[in-house]
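K.L.:
For chain H, the structure is supplied; the task is to place chain G on it using the hints.
Taken in sequence, the protein lines are chains H and G.
When we follow my numbering, the leftmost residue of the first sequence carries the number 1, and every step to the right adds one.
When we follow my numbering, the leftmost residue of the second sequence carries the number 1, and every step to the right adds one.
Hints in this document: simulated from the structure, not taken from any laboratory.
Every residue, glycine too, gets a C-beta built ideally from N, C-alpha and C.
Some hints here could point you the wrong way.
[Stated by the list, open to error] Some but not every residue of chain H turned toward chain G, in silico, with C-beta under 8 Å:
(1) A181
(2) G204
(3) R274
[Said to hold, decoys possible] Quick list of simulated restraints, FRET-style, between CB atoms:
(4) G:A176 x H:P92: 40 to 48 Å
(5) G:A176 x H:E93: 44 to 52 Å
(6) G:Q179 x H:N120: 39 to 47 Å
(7) G:Q179 x H:G218: 23 to 31 Å
(8) G:Q179 x H:V107: 34 to 42 Å
(9) G:Q179 x H:S44: 31 to 39 Å
(10) G:Q179 x H:E93: 40 to 48 Å
(11) H:A220 x G:Q179: 34 to 42 Å
(12) G:A176 x H:A268: 20 to 28 Å
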Amino acid sequence: MSVAAPSAVPSAGRASGAPVAPCRHVRTAELMGTVASAHVLTASPSPDPAVAARIAAAQRAALDELHELDALFSPFRADSQISRLRIGALRPEDADPRILEASEACVRLAAASGGRFDANRQGWFDPTGYVKGWAVEGATARHLAPLLVESGVIAVGLSAGGDMQLLTAPGADWTWNVGIADPLRPGAMRAQVPLRDGAVATSGPAERGAHIVDPRTGCAVVDAPTATVIAERLSDADAWATVAVVAGFDDLSWLRAAPDCAGMLIAADGRVRRWTHGVEIAEADVPWGR
Amino acid sequence: MKKIVYAVLATVTGLVLLFSYRTSLEAVPPGASGTTGTAGTTGTTGSSSGSSSDSTSSETSASSSTSATGTGTSSSTTSGSGSSSSSSGLKDGTFTGQAADTRYGAVQVAITVSGGRITDVSVPQYPNTERRDAQINAQAIPILVSETKSAQSAQIDMVSGATFTSDGYTRSLQSAIDQAKA
Chain H
1 MSVAAPSAVP SAGRASGAPV APCRHVRTAE LMGTVASAHV LTASPSPDPA
51 VAARIAAAQR AALDELHELD ALFSPFRADS QISRLRIGAL RPEDADPRIL
101 EASEACVRLA AASGGRFDAN RQGWFDPTGY VKGWAVEGAT ARHLAPLLVE
151 SGVIAVGLSA GGDMQLLTAP GADWTWNVGI ADPLRPGAMR AQVPLRDGAV
201 ATSGPAERGA HIVDPRTGCA VVDAPTATVI AERLSDADAW ATVAVVAGFD
251 DLSWLRAAPD CAGMLIAADG RVRRWTHGVE IAEADVPWGR
Chain G
1 MKKIVYAVLA TVTGLVLLFS YRTSLEAVPP GASGTTGTAG TTGTTGSSSG
51 SSSDSTSSET SASSSTSATG TGTSSSTTSG SGSSSSSSGL KDGTFTGQAA
101 DTRYGAVQVA ITVSGGRITD VSVPQYPNTE RRDAQINAQA IPILVSETKS
151 AQSAQIDMVS GATFTSDGYT RSLQSAIDQA KA
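Excised from the complex, chain H in its bound form:
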């Protein structure tokens, strides 16, 4: 686990010309095979020392909770409850109640997604595709959201490997600007999403190769698109981004069963589809003069 020192350097000014650039307090930790970043933005560079201490404590608590859930759920750890459940060393009734909670959510998702999301596809319960988003959502709500009542705190956000839950204090002059990475050009952005409160998750074959398997066939998804889903809750955004990747670029029919969301697909060849409120926004090929 590596924890970066909280930094207190003013971030770049907003394009909208906000009068005072907020100060960004960041703490990171390596977990779940990636890096999690806890962000807290304050209006002034140096908040009250007591507030600063509570910010740091909340960030630690949020990241600690992700560590704890990682230890509980990781199929890559022999001593995790998921691993012990798999080999029968732990009875389901003795498992942590959060495992049952995740299990029930995965059952609902499998039904709603027509089997495109299936935590039991390998014959045992592996909720890896669900836990990260759900854990980040919960840790944000439990540890970072309470900071929004603190003097000077304008926004909080928690991201793990590019999936994030973001919150903004009511009335604060702030909108998160989330960059959506271009899977075809590493390091470049393909789109931006302005968001005050909500979650953004992206799934796709980039970075980790063909790790996306269609549970209905057991095969890796060929030419899988990269899918970004924006929803109120990260547990939804993360899971449905996975569904969108499995469904493929040509199929948005799953939106019928998904919660209200916006998002974008980027095909392997660079084509893009976008939607909001379950409605695709297509570029019209209109004649001159209309």
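P.N.:
Just chain G now, kept in the frame of chain H:
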């Protein structure tokens, strides 16, 4: 000659803003949707035309609901300055799409372009159920970099991408943002 081509491209991109809205569950064949005769529902560009035609969705018959749910609104209306912004490729103004039928009810989306950027996305017609959801997602449409004047990383607060490994993180923009140096 090149200049002319660029000018045409800019105009075409501006016209692109006459977005068509259709429910995603409908597989609207370009020909079928074109029969509505409205600017907003003509065939789509390369980004989705292929999928429109080869989709095997059983909901194809539902495509007629696109026009049925238009509820008399003209498919696309334009207001505002109307001055085109060739530097960015987006035409200033407000563009309202045709209402589309979703599982939540009829949804209509309007966008405002100012200075070549999408500055606002509103939902003038939305099922009056979850007001807060509408608020949350009203601005949540991903704005393509090609639709913005610039996409400088300095404006990015968080990066969403296919999960990076902890090794990939050290090379990432998110890492730079976390160090407050972006």
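K.L.:
Are the hints correct? Go through all of them and say.
P.N.:
Quick rundown of the hints versus the structure:
{"no.": "1", "hint": "A181", "in the structure": "holds, 3 Å"}
{"no.": "2", "hint": "G204", "in the structure": "holds, 4 Å"}
{"no.": "3", "hint": "R274", "in the structure": "holds, 6 Å"}
{"no.": "4", "hint": "G:A176 x H:P92: 40 to 48 Å", "in the structure": "holds, 44 Å"}
{"no.": "5", "hint": "G:A176 x H:E93: 44 to 52 Å", "in the structure": "holds, 47 Å"}
{"no.": "6", "hint": "G:Q179 x H:N120: 39 to 47 Å", "in the structure": "holds, 40 Å"}
{"no.": "7", "hint": "G:Q179 x H:G218: 23 to 31 Å", "in the structure": "violated, 41 Å"}
{"no.": "8", "hint": "G:Q179 x H:V107: 34 to 42 Å", "in the structure": "holds, 41 Å"}
{"no.": "9", "hint": "G:Q179 x H:S44: 31 to 39 Å", "in the structure": "violated, 20 Å"}
{"no.": "10", "hint": "G:Q179 x H:E93: 40 to 48 Å", "in the structure": "holds, 46 Å"}
{"no.": "11", "hint": "H:A220 x G:Q179: 34 to 42 Å", "in the structure": "holds, 35 Å"}
{"no.": "12", "hint": "G:A176 x H:A268: 20 to 28 Å", "in the structure": "holds, 27 Å"}
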